[in-house]
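*Asks:* Using the sequences and the hints given, assemble the complete structure.
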Amino acid sequence: MSQDNHWQIIKLAEFERPSAPASTRIEQLVQHLRNLFPSSEQGTEESEAKDFPGYRDFDLAPAADALDEAWQEWLASDGTGVKFLVSPPFSGTAAISRAWAERHQLPVLQAPEAELFAGVDIEAWWQPQAAPVWVIDHLADYWQRQTNGLAFIRALLPKLMRGELGKGIVVCDSWSFAFLQRAWPVHLPQVYCFSAATEALLQQVGIQAPSKQLRALAARAMGNVGLALALWAVTQDDAKDLPAMPADCGDASAFVLYALLLHNGLSGAALQSVLPTLAADQLDVQLLQLQQADLVECNQGKWEVTVYGYLAARDFLNSRGYFMDAF
Amino acid sequence: METDKILGLFKTVTSAAVIEIAIVITVAVAIIWLSQRLLPWLADHLHGKQRLFVLAMIPTLRVVVFILAALWIVPMVIETTVQNMVAILGAAGLAIGFALKDYVSSLIAGIVAVYELPYRPGDWIEVDGTYGEVKHIGMRAVEMVTPDDTVVFVPHLKLWNSLIHNANNGGPSLMVVTDFYLAANHDAHQVKQLLEDVALTSPYVQLKQPIVVIILEKPWGTHYRLKAYPIDPRQQFQFMTDLTARGKACLRALNIEFANLSPEHAVQVTP
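Chain order of the listed sequences is E and F.
Here the first sequence is numbered in the working numbering, starting from 1 and rising by one per residue.
Here the second sequence is numbered in the working numbering, starting from 1001 and rising by one per residue.
Since the hints were derived computationally from the structure, they do not count as laboratory data.
Since the structure is predicted, the reported quantities are computational estimates derived from the model, not experimental observations.
Between beta-carbon pairs, the in silico distance windows are:
{"hint": "1", "chain 1": "E", "residue 1": "190", "chain 2": "F", "residue 2": "1212", "range": "26 to 36 angstroms"}
{"hint": "2", "chain 1": "F", "residue 1": "1185", "chain 2": "E", "residue 2": "79", "range": "44 to 54 angstroms"}
{"hint": "3", "chain 1": "E", "residue 1": "16", "chain 2": "F", "residue 2": "1175", "range": "28 to 38 angstroms"}
{"hint": "4", "chain 1": "F", "residue 1": "1260", "chain 2": "E", "residue 2": "79", "range": "56 to 66 angstroms"}
{"hint": "5", "chain 1": "E", "residue 1": "268", "chain 2": "F", "residue 2": "1245", "range": "14 to 24 angstroms"}
Pairs of lysine-lysine, BS3-like flavour, derived with a Cα cap of 30 angstroms:
{"hint": "6", "chain 1": "F", "residue 1": "1049", "chain 2": "F", "residue 2": "1135"}
{"hint": "7", "chain 1": "F", "residue 1": "1218", "chain 2": "F", "residue 2": "1248"}
{"hint": "8", "chain 1": "F", "residue 1": "1135", "chain 2": "F", "residue 2": "1101"}
{"hint": "9", "chain 1": "F", "residue 1": "1208", "chain 2": "E", "residue 2": "11"}
{"hint": "10", "chain 1": "F", "residue 1": "1101", "chain 2": "F", "residue 2": "1158"}
{"hint": "11", "chain 1": "F", "residue 1": "1208", "chain 2": "E", "residue 2": "159"}
{"hint": "12", "chain 1": "E", "residue 1": "11", "chain 2": "E", "residue 2": "167"}
{"hint": "13", "chain 1": "E", "residue 1": "302", "chain 2": "E", "residue 2": "83"}
{"hint": "14", "chain 1": "F", "residue 1": "1192", "chain 2": "E", "residue 2": "159"}
{"hint": "15", "chain 1": "E", "residue 1": "83", "chain 2": "F", "residue 2": "1208"}
{"hint": "16", "chain 1": "F", "residue 1": "1208", "chain 2": "F", "residue 2": "1248"}
{"hint": "17", "chain 1": "E", "residue 1": "83", "chain 2": "E", "residue 2": "159"}
{"hint": "18", "chain 1": "F", "residue 1": "1227", "chain 2": "F", "residue 2": "1248"}
{"hint": "19", "chain 1": "E", "residue 1": "302", "chain 2": "F", "residue 2": "1208"}
{"hint": "20", "chain 1": "F", "residue 1": "1227", "chain 2": "F", "residue 2": "1208"}
Positions of the beta carbon are idealized from the N, C-alpha and C atoms, including for glycine.
*Replies:* Written as structure tokens, this is what we have:
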């Protein structure tokens, strides 16, 4: 790895959030209080808030170089088995893994259809795309949080661990990973993630700011590069502020946000199937309310938490005692 | 002579002292009044441990303010010698013993409840068969609201001789037990796994806590007890409803039969 590349792969257990300076802690406290005591005026700012600055992509090649640096030797070896790469939301890890797969001409496996989640027929999914080395870019697409949505992943994980499907890299969203560790409590030895964004890495991805500001940004973004880029874009525009939770958010809002984070986004129908306790009209109201607050958005039929609303949603769920990810 | 002795217990109260006493009482009442309104309002915006901590501060703060006010006022009114205190406490004890025994017993139990913490605001307790959430701890009684929205006043006196069942004991963890009654002929392991998954996939479940299924064989079939924790104790009934509804749907999908009523549960229809 060159001296100028600050991307680094580490064990998940070694991940440490960048320490926050006092000013950032105060900012986080203010954000937390805004979530606890939402202002009823938020609705009136809707038209302005819609116009968020663009969330800029970053160059994936240096991050793929870091994957090479860490796993080149393992890739060239004859062994089997998998390495898990845990990805906090908006960190771009899935895109990095796809770029890395393309570089090494490795296939990115297609997720099974939702109908297969209830069964344990791994072969039906595996055979059409079988390869000695492969990449799974979104493990969150391989299960759903419903009683007949866990059988497939429970059958798949032991096969992956035993190397029955060859060698590969499994990118798993951090919220999904936390849940799967609860649903399938087996110690996974080969779990990695990208190290927390540092001042140098933020400069590398193109954020030019004084050192102190970069440190504060890294801390506020919890070491997540994608989130840092989004926060930076908001910071650059004085007229904009991050979204906050609407005044009348309750259990139903928490269910929707948690389900979306857990599955890294869901279609309306899939969301309804994982939240049968909410009636369809109730779910629509929740989605509309969260969409108006810029906390969720619908991209090509898939509902997702917005990058700008992630901090508010995370804080909201954390304050309610939800099971959080490792980041 | 006796009148002089009694009067000797008390200090000469000047008008300045009267004003000071009035101010102390007013401030104490104001602090208690404000704490009983502001802290519940603040607690409504919080969840889990933070909410329960704020609620638990209300009775504690009231006792602290009450004691400080008493410590401030008593020396202004009474000559605080050992002899005087013995005389006053003796007279007070006599009055309490005859007339106000139960009332004072409740007051003392109320103070004991503040440091012994058998219940705090936000706790779910059962006293003498009544189950509900503690909403307010007064000087004499604890106010609880049942799931059917009925307010029940329980004197602190119950603390001395009744069993107080506290379901969450000041924390956010409250176990919910959901029962399923099935006909005996089925695969118990399959049902156990299914019920565990029903809880695991409930949006109400607290994933930090364990999920357990207990199986009991009965003459009429098999009794399953699904034990899990909701994220917030206030969600316990919605959680139980969700587990029951989804559990039944999943069991029906597997064609598992539900148990018939046992003879002792059967209703005798009279012609």
